[in-house]
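Build out the structure end to end from the sequences listed, making use of the hints.
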Amino acid sequence: MTSNHESGGRLSPAEGRSSLTLTIDDEPVQAFAGETVATVLLALGRRAFRYTDRFHAPRGLFCGMGVCFDCLVTVDGQPNVRACMTPVRAGMVIETGERVDA
Amino acid sequence: MPELIELAVVGAGPAGLAAAAEASDLGVPVTLIDIFPQPGGQYFKQTPAELGGEPDEHARPLFQAADRKDVRAITETAVWGIFAEEDCYLLCLYGPPGTPRRLHARKILLAPGAHDLPVPFPGWTLPGVMTAGAALNLVKHQRLLPGRRILLSGTGPLQLILAQRLIDAGGEVVAVLDANPFPWRGWRHAPAAWGQWERLAEGWAAWRTMRRARTPLRWSHVVRRAEGSGQVERAVIGAVQGDAVETVAVDTICLGHGFTPAVQLARQAGCQQRYDPGQGVYLPVRDEWLQTTLPGLFVAGDGAGIGGKDVALWEGRLAALGAAGQLGRPVAPDRVARVQRELARQRRFAAVLLALFPASAHLGDLLTDDTVLCRCEEITVGEIRRVIDEGATTLNAVRMVTRAGMGRCQGRMCGGPVIELLARALGQPVETLGEVTPRPPVIPVPLDGLLEEEL
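Chains as they are written, first to last, in my numbering: chain S, 1 to 102; chain B, 1 to 455.
Just so you know, the hints here were simulated from the structure itself, not pulled from any lab data.
You can trust all of the hints, since none of them are fake.
Now the stretches of chain B that chain S is said to cover, found in silico as 3 or more residues with beta-carbon under 8 Å:
id, stretch
1, 46 to 53
2, 121 to 131
3, 135 to 141
4, 398 to 412
Fair warning: this is a prediction, and the values are worked out from it, not measured in the lab.
Where a beta carbon is used, it is the ideal one built from N, C-alpha and C, also for glycine.
What follows is the structure, encoded as structure tokens:
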């Protein structure tokens, strides 16, 4: 493994990158301005963003450009938001479908 | 009454940006509408400034065009329907608060682009299986390595570019599988590649990076199955045709089998479509100005058939010249001739790439009865086969009985695979099986978003 990425797969930081704090499933999480919700979840090692209705199968990021609607999470109480299309904001509250079994 | 504008350009990728620049050069005020916060589309997607991004230098003149006074950009906004009225079109928009919900446009230039061609196989819904486009966006524009042990499966030179990006970022690319055989006959196409030095150099540099990292490139190979609990942990790979398989440990699989055009809006508006056997999809019929069968409605770029960035740029310019001419602006014949010449040259090269690296005809062999075909409604291959056995003979019939294609993505993922399954089962060509009836909204919009005024 080469060393030009930090833990979680983030590449070496750009100068002046500004961090912010948001909440994912009741836990405070650090993220960086410019990242999407999908990026933050993947950097935490969270591959499954939700479980499907019919087969209770895990789903995560697939198309990465807003077309497939697989990466849905709840953002500030609004359900079915595409994680790949949603830039993070300080104080944002994100709930993933992983809480179904919790 | 909605505001009346002269020209609406829908989509701010290569085609839309080039069209906006060309139209504005001729004195046509442009309204440029795009779903993303920043212009660029997928090819010229901009890395957020907060993550250290700077616009691609090739794209800088295009972005400057988007900033002109007579170009009004409406961002983070979807166009969910287009309706012909007496002497203009009604566009229905949904965007952030304050965005107009309706516009009247004398002319419309659609530049909706494309997305990665969905190629289903057992396990393709597991987290960690993603499109090549998703992986490229992560590593290039989100500055995140999408995984540690990454397998690429698909076809064509874009896979090499993605492999290079992942390797440069410190990822381990286990292998690159190309579903097509090595293009031995590629030399025959040398005349069409003449002059494409920049792209040939890009491909060569990517190949060298793979060589240095000892990443194998395996021709006529494909991922046959993805396995894992909760996310992908193993890929079963093998020759496209044949039974021999091997299992490799991976945490990420990137699928890059090519692209499929975003034809939904043109279809919903009522443009006549024609089946294109080369691309395997229905495409809007266009005249020499790239005008559809609806007068004053043009389509440019990948959304009218996959040609890539350079074809899109020149098509955007040509369609803009056509629209400007219809709006009464004087269009210089030498400019038209130059644009047509460049477009023809770029189309020749695009045709070579498509001929050498087509979507393999054998990918349908990978499907098993328990493969989920419709990702949204979770409809399996077995369920669709049963409906066909019971007598369904059209795409609409399969759709209505099973709900395949009626979920949130509105068939963008499973539309092609379902129709291919139907064609195989019935032994009939795809073009005899009908199209899905398009209905607005062509993209999911909250109920109150359909209203003419914000609540």
